[in-house]
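Residue numbers (our numbering), protein chains in the order written: chain A, 283 to 382; chain B, 283 to 382; chain C, 283 to 382; chain D, 283 to 382.
Because the hints were derived from the structure by calculation, they are not lab data.
Be careful, since some hints might not be right.
Copies of the same chain look alike in the list, so a pair counts if it fits in one copy or across any two.
[Claimed, not checked] Simulated pairs of lysine-lysine, DSSO-like, Cα-Cα distance not exceeding 27 Å:
hint	residue 1	residue 2
1	Lys296	Lys378
2	Lys346	Lys296
3	Lys296	Lys344
4	Lys378	Lys346
5	Lys306	Lys296
6	Lys309	Lys344
7	Lys344	Lys306
8	Lys373	Lys296
9	Lys373	Lys306
4 protein chains.
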Amino acid sequence: MSVIVDFSIFPVDKESSVSPYVAKAVKIIRESGLDHQTGPMGTCIEGEWEDVMRVVSRCFEKIKEDSSRIYMTLKVDYRRGYSGRLTGKVKSIEEKLGPV
Amino acid sequence: MSVIVDFSIFPVDKESSVSPYVAKAVKIIRESGLDHQTGPMGTCIEGEWEDVMRVVSRCFEKIKEDSSRIYMTLKVDYRRGYSGRLTGKVKSIEEKLGPV
Amino acid sequence: MSVIVDFSIFPVDKESSVSPYVAKAVKIIRESGLDHQTGPMGTCIEGEWEDVMRVVSRCFEKIKEDSSRIYMTLKVDYRRGYSGRLTGKVKSIEEKLGPV
Amino acid sequence: MSVIVDFSIFPVDKESSVSPYVAKAVKIIRESGLDHQTGPMGTCIEGEWEDVMRVVSRCFEKIKEDSSRIYMTLKVDYRRGYSGRLTGKVKSIEEKLGPV
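Just chain A, with the same shape it has in the complex:
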């Protein structure tokens, strides 16, 4: 459970509204059973490298069915021996900041 990935994917050959396509990727992530959190600019997924990358590949293959041009970004933070970081990282920052 040592990798967190921030993942965005969208077709570039459609009109401005890409949410129907993005929703297909998010559906795959949801059904993967991996811990995740969808935000306005991407979905964070936590898990083992192989498991996370398998889901990313599945999303890519899905979007490819509908699109001839796709853009995707990934940010990966690996930390050995840590887990529960999807909530833990934000909590650790908030503890340093105090209440809003």
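For this one, chain A is given, so just place chains B, C and D on it according to the hints.
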């Protein structure tokens, strides 16, 4: 209110734990008054381009005080004539997916 | 001269071919006088933070004239007291690898 | 040959100089036989999705041997039916710009 930025910044010349430094950036974002949302891999900020970039620059200058090597990433999604997208984008995807 | 930025920008509301728009951004970078290098996935720009970010903003404003939806990514590597890193970083890796 | 990836990876738990570690990743990319191009902020790799991602995974596993915290970014541009884009994309922009 047409730009959303996903922003990450951290020092590379420290030990593994970078949250004390990241917290300083998040503090600046909080105090900016701009709509934002901190996630495990970065903070999303919504606003006018100039306002958002001014906050990003302020964060950079702050982290520079403590560090001689910094890494930063930015993803920007601009959409003319839209606002409230920090919550709107996720909602639009969830409507397409139905309940979890 | 301590910041290197890897910068990509493109409209999302056009057809697949975005190079006419990307070319407009690259033209602005060229004319800025800043050291830069255009690759297949973005343009690297080296300079002081303020100078680099001014050019990035100018590119964004330009692409905005033609497009109602824009995607942009930025990776920033700051290292105090270093310059000439546009070529220096690659050279440093090649020295460690030996000839191809 | 339809995917181009811009790939950066580095350990976060070392001192400022990360090039010895980056060089190990670049070595793996070189030996993969895939078309690639190393720039100041990352290496672009062109190939089929599975082949490119296999190399990325190999780089990740290698850096993990030396480091307990790693940061990685990936930008992916997929375009169906195109190849030779490592040089083709830059050439297409330069044609629109004319000589420097």
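Hints versus structure:
1. Lys296 / Lys378: Between. Shortest inter-copy distance 17 Å satisfies the 27 Å Cα cut-off; intra-copy 43 Å does not.
2. Lys346 / Lys296: both (12 Å within a copy, 18 Å between copies)
3. Lys296 / Lys344: Answer is both; intra-copy 15 Å and inter-copy 22 Å each pass.
4. Lys378 / Lys346: between (43 Å within a copy, 19 Å between copies)
5. Lys306 / Lys296: both (15 Å within a copy, 22 Å between copies)
6. Lys309 / Lys344: This pair counts as within: shortest intra-copy Cα distance 11 Å, inter-copy 32 Å.
7. Lys344 / Lys306: Within one copy, since 7 Å is at most 27 Å while 33 Å is not.
8. Lys373 / Lys296: Between copies, since 20 Å is at most 27 Å while 38 Å is not.
9. Lys373 / Lys306: Classified as between; 14 Å across copies, 30 Å inside a copy.
Against the hints set out earlier in the document, no violation occurs for any number.
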